[in-house]
Amino acid sequence: MKIESYVLLFVGFFFGLVGLVYWLWSHEDAGSVMLLGTFLLGSVPGFYYLWWSRRMRPRPSDDPDATLEDGAGVVGAFPGSSIWPFVLGLGATFVALAFVFGAWTLGVGLFLAVAALVGVVYESRRGGLV
Amino acid sequence: MTLLADRPAVVEEGSDHEHGAGPSGFLKWVTSTDHKVIGKNYTVTAVIFFLLAGAMAMLIRAQLANPDSTLLSQHTYNEMFTMHGSLMIYLFVGPVAFGGLANYIVPLQIGAPDMAFPRLNALSYWLYLGGGSLMMLGFLTTGSAADFGWVAYAPLSNSINTPGAGPDLWIVALILTGFSAIFTGVNLVTTIYYLRAPGMTMFRMPIFTWNMLVTGILILIAFPVFTSALVLLWCDRHLGAHIFEVSGGGVPVLWQDLFWFFGHPEVYILALPFFGIVTDVIAVFSRKPIFGYRGMVFATMSIAALSTSVWAHHMFTTGVVLLPFFSLMSYLIAVPTGIKFFNWIGTMWRGSVKFDTPMLFAIGFLVTFLLGGVSGILLASPPVDFATHDTYFVVAHFHSVVMSLVMAAFAGFFFWYPKMTGRMLREGLGKATFWLMLVGANVTFLPQYLLGLKGMPRRIAEYAASDGFTTLNRISSAGSVLLFLSVAIFLVNVVVSWWKPIPAGDNPWDASSLEWATSSPPPHHNFLKIPPIRSQRPVWDYNHPEDRIIEHAKARPGGFVASGGVGTVLLADVNVDGEDTLETRDPDR
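Which chain is which? The protein sequence lines are A and B, in order. Start counting the first sequence at 1; every next residue gets the next number (my numbering). Start counting the second sequence at 1001; every next residue gets the next number (my numbering).
Any given hint could be a false lead.
Unchecked claim - One side of the interface only, derived from the structure: several residues of chain B facing chain A at Cβ under 10 Å: (1) G1025; (2) M1136; (3) S1144; (4) W1150; (5) V1151; (6) I1171; (7) I1182; (8) L1195; (9) G1199; (10) V1225; (11) A1305; (12) T1308; (13) P1324; (14) R1458; (15) S1466.
Said to hold, decoys possible - Output of the computed footprint for chain A on chain B, the stretches with three or more beta carbons under 8 Å from beta carbons of chain A: (16) 1029 to 1037; (17) 1200 to 1209; (18) 1395 to 1409.
Treat the hints as calculated values from the structure; they're not laboratory data. Glycine residues also receive a C-beta, built at the ideal position from the N, C-alpha and C atoms.
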């Protein structure tokens, strides 16, 4: 987990430095704010990972000498086929259309989107379709 | 102890219709959450957008082949170059890389059963398809499709200068694809952080996977800015928000700031995946490990970081940007890119290079990208940029770069097509595609450098015979015909491979990363077994026991991972004697 945190901390470090230099040099607002946001995007999860990596045992995927047996067991639950992403995507597209042509597609879109959200949650509670 | 012969017979039925519940045909396409199906969907959809955008490019070149041309009206011409750019950048080069190839290949390369969030992955695809369709819908509206250029600069993009539904469709379409890209970025980063196989440490991942990790982070940096800027633009157009309009106290150049803070990293979101493809292809066809692996990783991260701090080099001529800062940072990008070139050549150096089609495309990428990259270094200098801004010199620069990425994409297609379909593409047709594309790309775009230096502006539908642009434009248009032919031959190649298949086998290129350890196409949840991962080249180490394992030489014997079951992944150890120990768990418990 350490290398993972270093990658993110590199983002935070770099944009902290560049953002500071840029702000002091240019006093320009928009760019400085975006660089500050990028600094946070790297450093917040980066420090969290670093903090966490010191409290956990290295995972088999962090250990160069790990054998495949070390990773034996359940990797995770992966949902099988599901119609709801399609319905949610369709709903989002209809909602987007409403922002161009006016309101009537909004109803259709929201109905599909809410149906999909309910469907996804219900599906998860049952442990997926499979 | 051969990898291919040991596969148990159970596998055959396990591969496609596990639990007998998987839908097929149209329903499979609509409901699948398998990263391989979604990756293929992405690839096919992106290639369709590529063909549409290519057709628009042919119209553009036909228009410009003659002075005072009246083939297209000025208005249609504006639509054509806007939609050509938008389709290519937003809907082809990016999605084919991070949605298509990466989606398919990254979980395979790290030994994962799927992406971390399969349903989110499916949602990404549907948002992408929905967004792409909405953008094309612009052609059917009474006004027109978007015609303000792919960058949609304010104030041209406000409701007075470009009214109508077409531009609005363009905006909402990109909001949808923006969310799609963000979800894919989250998915890629999480997958690479959490689903690597045991022993697959960060510094053993193939460079393609490394680059996709960095691309994923870059997506998370860049796309939210763009997506929110589009929302602001919509508010300007419909609610009179005056964010980008001087009349209400807004700042038009703010749009350029927001757009290019996305737009320049976007260039590298497009480029990094293809750098990764090229790195892996060159290593495989030189039959050597990658030269300077850690240098490559560091170069990728530096390029990504620097690319996010150079956005305003697109805005030198606005007169309100800090020229020395952005010029310096732009020059600095040449350093890690140079390291990459050095390492690519170092990988080939004294290797036994095989010139199969993917390798040819990779070398074509090197040549074309070098031309595009070097002209980019010129443009990083403000005096040169002031002289050439908004001329064909800039057009030639970024088309050289992007065409090199298209070549790298074809290297990826030819390299992984056997893995995705289990069929080989024809070498002869592939080489014809390559040579036509290499010659075509350079004949099309090299004259445009000269046109730019002679002063031909971008985005003009007509020029006069007395301008002296005619000959170079004709050469450029002739080159585009070669590009058209090369893509046509590629499509013939795909059709031929379906009509008369040549079975590919698991590892036709004798490649080294994990995706080549599984069958072609891979079974559901990817791996029935995985060779021990003791270096950056686990499959090579396994297939070539005579070679020294380059990292962590004290390999332990045995060990495979098997996976099965749709709801839950089962892992099994098959030791060298073939004795199985299985751990299973009921998915519902």
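Status of the hints after comparison with the structure:
no.: 1; hint: G1025; result: violated (12 Å)
no.: 2; hint: M1136; result: violated (12 Å)
no.: 3; hint: S1144; result: violated (14 Å)
no.: 4; hint: W1150; result: violated (19 Å)
no.: 5; hint: V1151; result: violated (16 Å)
no.: 6; hint: I1171; result: holds (8 Å)
no.: 7; hint: I1182; result: violated (12 Å)
no.: 8; hint: L1195; result: holds (7 Å)
no.: 9; hint: G1199; result: holds (5 Å)
no.: 10; hint: V1225; result: holds (6 Å)
no.: 11; hint: A1305; result: holds (4 Å)
no.: 12; hint: T1308; result: holds (6 Å)
no.: 13; hint: P1324; result: holds (8 Å)
no.: 14; hint: R1458; result: violated (25 Å)
no.: 15; hint: S1466; result: violated (43 Å)
no.: 16; hint: 1029 to 1037; result: holds (count 5)
no.: 17; hint: 1200 to 1209; result: holds (count 5)
no.: 18; hint: 1395 to 1409; result: violated (count 0)
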